Amino acid sequence: MLISAVQQSNDLAAVHLGVKFSCRFTLKEVQERWYALLYDPQISKIAIEAMRTLPPGVVTMALNNALWSVEEEAVLARIPSTDAGHLETFQSLLKAHPSVFHACRTPTSLHHHWVLMGHYKLLNNQKIELIPPGDTVVNFTDAEDQLNDSELVKQRDVRETALEQELMASERQVKREITRMEEEIPRWRTIIDTGAPPEFGAGVYAILKGKVVEFMMTSHSVTLGRNSAAGQVDFDLSLEAPAFKISRRQVSSGR
Numbered sequence: 001m002l003i004s005a006v007q008q009s010n011d012l013a014a015v016h017l018g019v020k021f022s023c024r025f026t027l028k029e030v031q032e033r034w035y036a037l038l039y040d041p042q043i044s045k046i047a048i049e050a051m052r053t054l055p056p057g058v059v060t061m062a063l064n065n066a067l068w069s070v071e072e073e074a075v076l077a078r079i080p081s082t083d084a085g086h087l088e089t090f091q092s093l094l095k096a097h098p099s100v101f102h103a104c105r106t107p108t109s110l111h112h113h114w115v116l117m118g119h120y121k122l123l124n125n126q127k128i129e130l131i132p133p134g135d136t137v138v139n140f141t142d143a144e145d146q147l148n149d150s151e152l153v154k155q156r157d158v159r160e161t162a163l164e165q166e167l168m169a170s171e172r173q174v175k176r177e178i179t180r181m182e183e184e185i186p187r188w189r190t191i192i193d194t195g196a197p198p199e200f201g202a203g204v205y206a207i208l209k210g211k212v213v214e215f216m217m218t219s220h221s222v223t224l225g226r227n228s229a230a231g232q233v234d235f236d237l238s239l240e241a242p243a244f245k246i247s248r249r250q251v252s253s254g255r
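So the sequence shown is numbered by the UniProt record's numbering: it starts at 1 and just counts up by one.
Check the hints yourself; a few may be wrong.
Stated by the list, open to error - No farther apart than 27 Å at their CA atoms in a straight line, the calculated lysine-lysine pairs in the DSSO-like style are these:
| hint | residue 1 | residue 2 |
| --- | --- | --- |
| 1 | 20 | 175 |
| 2 | 175 | 211 |
| 3 | 28 | 45 |
| 4 | 20 | 45 |
| 5 | 209 | 175 |
| 6 | 121 | 95 |
To be clear, the hints were calculated from the coordinates, so they are not data collected in a lab.
Only a predicted model underlies this, so the values are computations on that prediction, with no experimental measurement involved.
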């Protein structure tokens, strides 16, 4: 696309302004790329190989979007704006000026560009209307300055009001949650302070509670396991559940 555009315009500045590349490049970057293609053999070779591998459709699209040269527009400008603009007219132009028009130009593309030139008063029979003395042209910057500032302020106020309302609603929700938690503190404190004391009787040091039985530790040293013919333990875990995986003397605890 860069090569085709430069061949058409012979002007890198025009290429930078008129060609839409895959991403935004500065004029300096376009110039550096063009000079590299011209004078760096390695980059030039890589670029040629890459272009050879491009699908035909991509190549055709790039060539069809080539910039219009000054010579091409000069020939098109000869067709007056009063012309009917039939495709036969532009077909005749292609035949009459094969060395002027790009190889990918078609009667349809010539017609479209001619219409565009007529829109901007670029045809030879068109005259640019001069501004009467005393009249002023409002450019884009002046139009921006004439915007109704009050409307802009109003829109900003609406956005800020919506944001403030959302923040206030979120703040109220957080405060309600904090208040609820503060109200629950005395309740939990009462439950903790007045909780039922452990059911320890006289001489009971600890209680081992299961789902079925409770084992009360009445001495400083106890053994846990399962009873067998070989011996007895203080806490027979087979009373709680099947204990075939429990050793006969699983745990011994004491001073």
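Here is what the structure says about each hint:
1. 20 x 175: 55 Å, violated
2. 175 x 211: 43 Å, violated
3. 28 x 45: 22 Å, holds
4. 20 x 45: 24 Å, holds
5. 209 x 175: 43 Å, violated
6. 121 x 95: Given pair residue 121, residue 95 holds - Cα atoms ~26 Å apart, limit 27 Å.
Against the hints set out earlier in the document, violations occur for numbers 1, 2, 5.
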